[in-house]
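Asker: Please model the complete structure; the sequences and the hints are all you need to start from.
As they're listed, the protein sequences go chains A and B. Position one of the first sequence corresponds to residue 2 (this note's numbering), numbered consecutively onward. Position one of the second sequence corresponds to residue 2 (this note's numbering), numbered consecutively onward.
Hints in this document: simulated from the structure, not taken from any laboratory. Treat the hints with caution; some may be incorrect.
No copy is singled out in the list; a pair is fine if it fits within one copy or between any two copies.
With a straight-line Cα cutoff of 25 Å, these simulated PhoX-like cross-link-like pairs (lysine-lysine) come out [claimed, not checked]:
{"no.": "1", "residue 1": "LYS30", "residue 2": "LYS650"}
{"no.": "2", "residue 1": "LYS676", "residue 2": "LYS594"}
{"no.": "3", "residue 1": "LYS148", "residue 2": "LYS302"}
{"no.": "4", "residue 1": "LYS435", "residue 2": "LYS521"}
{"no.": "5", "residue 1": "LYS438", "residue 2": "LYS475"}
{"no.": "6", "residue 1": "LYS475", "residue 2": "LYS435"}
All values reported here derive from a predicted model rather than from experimental measurement.
Protein chains: 2
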Amino acid sequence: MKHSRSILIAFLFVLQILSAQKLQSPNQKLQMEFSLQSDGTPIYSLTYKGKVVIKPSKLGFQLKNDAKSLLNDFTILGTKTSRFDETWKPVWGEVNSIRNHYNELAITLNQNGTDRQMLIRFRLFDDGLGFRYEFPQQKNLVYFTIKEERTQFAMNGDHTAYWIPGDYDTQEYNYTTSKLSEIRAFMEKAYTTGNVSQTSFSPTGVQTSLMMKSDDGLYINLHEAALINYSCMHLNLDDKNFVFESWLTPDSNKDKGNMQVPCHSPWRTIIVSDDARAILASKMTLNLNDPCEIEDTSWIKPTKYVGVWWEMISGKSSWSYTDEFPAVQLGVTDFSKAKPNGKHGATTTNVKRYIDFAAKNGFDAVLVEGWNEGWEDWFGHAKDYVFDFVTPYPDFDLKGLNDYAHSKGIKLIMHHETSGSIRNYERYMDAAYKLMKEYGYDAVKSGYVGNIIPIGETHYSQWTNNHYQYAIEKAADYKIMVNAHEAVRPTGICRTYPNLIGNESARGTEYQAFGGDRNKPNHVTILPFTRLIGGPMDYTPGIFEMDVTNGSHVNATIANQLALYVTMYSPLQMAADFPENYEKFSDAFQFIKDVAVDWDESKYLEAEPGQYITVARKAKGTDNWFVGNVNGETARTSTITFDFLEKGKKYEATIYSDSSDANYLTNPQAYTIRKMKITNKTKLSQFSAPGGGYAISIIEKKKK
Amino acid sequence: MKHSRSILIAFLFVLQILSAQKLQSPNQKLQMEFSLQSDGTPIYSLTYKGKVVIKPSKLGFQLKNDAKSLLNDFTILGTKTSRFDETWKPVWGEVNSIRNHYNELAITLNQNGTDRQMLIRFRLFDDGLGFRYEFPQQKNLVYFTIKEERTQFAMNGDHTAYWIPGDYDTQEYNYTTSKLSEIRAFMEKAYTTGNVSQTSFSPTGVQTSLMMKSDDGLYINLHEAALINYSCMHLNLDDKNFVFESWLTPDSNKDKGNMQVPCHSPWRTIIVSDDARAILASKMTLNLNDPCEIEDTSWIKPTKYVGVWWEMISGKSSWSYTDEFPAVQLGVTDFSKAKPNGKHGATTTNVKRYIDFAAKNGFDAVLVEGWNEGWEDWFGHAKDYVFDFVTPYPDFDLKGLNDYAHSKGIKLIMHHETSGSIRNYERYMDAAYKLMKEYGYDAVKSGYVGNIIPIGETHYSQWTNNHYQYAIEKAADYKIMVNAHEAVRPTGICRTYPNLIGNESARGTEYQAFGGDRNKPNHVTILPFTRLIGGPMDYTPGIFEMDVTNGSHVNATIANQLALYVTMYSPLQMAADFPENYEKFSDAFQFIKDVAVDWDESKYLEAEPGQYITVARKAKGTDNWFVGNVNGETARTSTITFDFLEKGKKYEATIYSDSSDANYLTNPQAYTIRKMKITNKTKLSQFSAPGGGYAISIIEKKKK
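Answerer: Right, dumping it as structure tokens:
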């Protein structure tokens, strides 16, 4: 008896080991292990250089009207391993060439009793793990509704986290830096902000991408890639065990996804390194997205722009044309008879001023907000037919301004504020895009301020994400670039649709004008670790006058604002301040004129979330480099080398930096500019003020 | 003291009388009285020939986030009376000329404290009362959300009602005839049916239009007119006091209407007479709608059609092309490689057969359902991208069939089943309408089977009603006629948009194929009193073979089916059965070939809801008349005169009637045909079987 029992135990032990599946990254530093619990629950875990990144964590789905769900009682039907190593060229980016190199393990599971199949595909890169669920065509699973996805990310300790509250409707929060165990205590304070559309769901729920740092020096980022036809994932923390679990965004019926097989989830991503710079440099999110779907991409162009925008944000002007009506009706209200309020920003005169400034200073485009009828009652009213996207105010000469701009080599950037009324936007989208082509616009900034209409839907549900994707794909058909504000945070879709040249989807420069609720000075040292993991951000930097008209204050120094053009990567960069402020500091403004918006190479020189980021980038098709450093609240000396420069070449560096007494709050406009001859052997120790930074343009000194 | 108190009382009494406003109909038989209660609640009441129709009933609105609401504390700011008398010509109709004659009283109310204004406009016709709420442009009311409309209709007794259960998603019920006090007891049974989308809300809630008969012989109909940009009204009964109150359809957020001032509600209508025929003849619903918005209406044509439809409903054929896939993906699934199921109805061969039959027998058009990809998994799955409305199955020759039809003077009728996925329909609507014009379709039958997507909305919310209206108006731009099934019940909008040539929006012939749940034999004697008050119904009559392929049975005789072409008014009439069944009874079929679909005059000869309807109509532009009688469950003799014929003229009447032993259940196909010479002095006593009827075509015998 005892003998056969030992044999049985040994057999089960072997079976257990046999069912454990392992995967290594190409450089073998990352190891992933997959297995099934005794009850058939799928489990995965991850180590990096032998250190635990993800403790054994469950995988699966809770289904609606299905008690069995897809949580357990699985067996492994089959496994398949493969390697992939390919280099591809993005249309625009931080670099001009990206290596996509991973080992893959695809595990097909079969559920006992139901005979349903679920495949989990793991891709292990040198910079992290991506995995997704797939449901192959099969007899016993055709349609299903997700009640909740149950993907766990079990953390190995009370890590430090850089987080914003989970919310179905906005990402526009300051980041809180705290231990995981402190999230609950800090949640109420973190959530308190002035946003017009907020919907939290849990006292320990946070948004992706989530950046963390362990006590043993591991940097860990959790996010998703290729969020298409699915609900956006948040992370809900069990703060006793430090286990995060996926928490999807519900639709108006409180379901979390309507799925038709064959289908798959987005990729769940875990980027990990013991070097913070590697997190910023990771291309895993892009690599997990499908290759570019657009054949001819010649019309997609990185763009540096100015615009009629900050004057409305800061209270100097209004988007609206008149104060005469508490509400307007498109096609009924006769604006030509209305009394202008005298503060309208988007007037022919004012826009011409910006066009002149843009042309004089080498910019590509001018954004104009408030050009179209409807701004008098544009939000807070759940107004369905709020804009038609085609009818200008009486004082905005649509044709004349575009002709004027084009005569000076400038394009106007279109603005489509939807007020969250997405059915209305879809109804007018073709007409709106056609108008853009007719008048020579090739880029649009879209917005989704306020609650989504139909009321009951949120900004990040499957339903609404489907709309954002519809707008991007239709824009591609029209050869139009899209910069979507208040839309769902990006997840690398710009690889597949590079006409998606930007999103806001986080708290940007505009919040600097919102008084007590404005951005923390170290906000820009966190965003690249969190929001930018999924794609570029239209942060709209470049404010030189920190005391805002409405009494608020921009928590940054001028040098910090210059550095953002390098540290806050975006193919779309705005010089957001007023022309007169640039003219007042024209020597500092020179950096903005010189800085590139598209790159061959990028090197992250030093980085610590919440404290500092320094990056060097080589301007595409040139031998020129630009360096940017942004600093948190503590003054420091940044020490860098220029070993990224080409050996044997000589360069002239122009360094724009904080004065020694600069401070984001008390002395933000104190900067110095100096020139230096440098080579790849040069070292630099540079002072960086609280909320400060520095920017360097490096031009090759060619031999005469 | 006593003296001044008497004066005070007298003063208040006078004030009370002064605040009571009266309105009379042109013929003075209807009297409406409006007043304010002491708490400022608006009240109205109605009498007909001195009999109470509406006891004093409250008016007003409960608002969201507004405890005060718009319920009471009003004073009368002003009143305005006017008269209106105009005759207008409909594009198509039961008559060619309609008199719009009413006395109007518009009362502007002001609410104490809030200073908000609400106007109630009453129009009193000889056939009934219509009133609506209006909100003029004003400072203190700009946007508001309705929590519930509180319009009461206080009945003067325990009337007999002909009702269907209140339901946010379907109108496809058999009618229950009962006392108001019995509605609660009968509700469960009434609600039990096989519809795929049902949502009831109250044990005493019923739908409009509601038909009633009082013990003292008054016929009363409650409905609404001009339901545009508002939620559909149901009626909830307080069955202790017999007071109905408006119960609007909620949106996915549980609100009942988002309103921007200036705006108004639809008209609430009370049609009343002591003669049931006057209810059927009333044109009040049309008269309350705005005049025709379409300038050139030459493309709008009443249509008699056959189609590939009944064979799918009765189970002989399928809408779908293949049984090979449990689900399909448009643009991905390759139907050309799929194994045809051999039962597809909409094949080139089969459609040609119908085209030949239509051409041979003088029809205008052939409807084809199941022509397009997507029917394999078309409902029950909340499938978003379910149809694209443009891609035919491999065995449906889109171009060839249209060419063939046109060569024979026939048009095909397009079919757009949306499966309730209304965002999807709107995305494809332009392409779908364009395809119709390209191939020569001028009419479309649309459908909304299944739950509305976005899930959470219902079929009759403001949001969804907005969609139906969008489809109608866009169709008008494309010169396309619309016949919308499963859409909200009509409310006379076809006056403003006469391209809306039909709706289903009630239980039609298709339910005869649904076994035990099929139509009661007297269903067609109730529908004109209820569903048709708002507009024509595409009832799709003309079934000759009552034993359905799938085992069900059509509860009607052949004579009854012929009569429906006259009694169930519609500018769009289908001969729904198979050609072979018409060929089997070609002498009876002759009536369907002869009957007109557009009329100069209509005379209701006799009518009793639930029992019988007999009507005579004069074919437009001719001197020919058609008479139809439909009968309920009890055999009877119908006695009519032909005094509507022109004096001094001679006519030949062909009478298609039940045999003496005909019965809808046991002997439905027993009919006789006889010819008679008649004049306007002729009287007829005609037997009508259970579930039976008769049809008469009357041709003028011109002098040689």
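Asker: Quick one: LYS475 to LYS435, C-alpha cut-off 25 Å, is that within a copy, between copies, both, or neither?
Answerer: both (11 Å within a copy, 18 Å between copies)
Asker: Can you give me the call for LYS30 and LYS650, within, between, both or neither, at a CA distance of at most 25 Å?
Answerer: For LYS30 and LYS650, neither the intra-copy (36 Å) nor the inter-copy (104 Å) Cα distance is at most 25 Å.
Asker: Evaluate LYS676 and LYS594 at a C-alpha cut-off of 25 Å and name the case that applies: within, between, both or neither.
Answerer: Result: close within a single copy only, 17 Å intra versus 96 Å inter.
Asker: Should LYS148 paired with LYS302 be assigned to within, between, both, or neither, using CA atoms and 25 Å as the limit?
Answerer: For LYS148 and LYS302, neither the intra-copy (41 Å) nor the inter-copy (50 Å) Cα distance is at most 25 Å.
Asker: How would you label the pair LYS438, LYS475 (within, between, both, or neither) given a Cα cut-off of 25 Å?
Answerer: So LYS438 and LYS475 pass the 25 Å test inside a copy (13 Å) and across (23 Å) alike.
Asker: Since the copies are identical, ignore which copy is meant and state whether LYS435 and LYS521 lie within 25 Å (CA to CA) inside a copy, between copies, both or neither.
Answerer: neither (41 Å within a copy, 54 Å between copies)
Violated hints, listed in ascending order, are 1, 3 and 4; each of the other numbered hints is respected by the structure.
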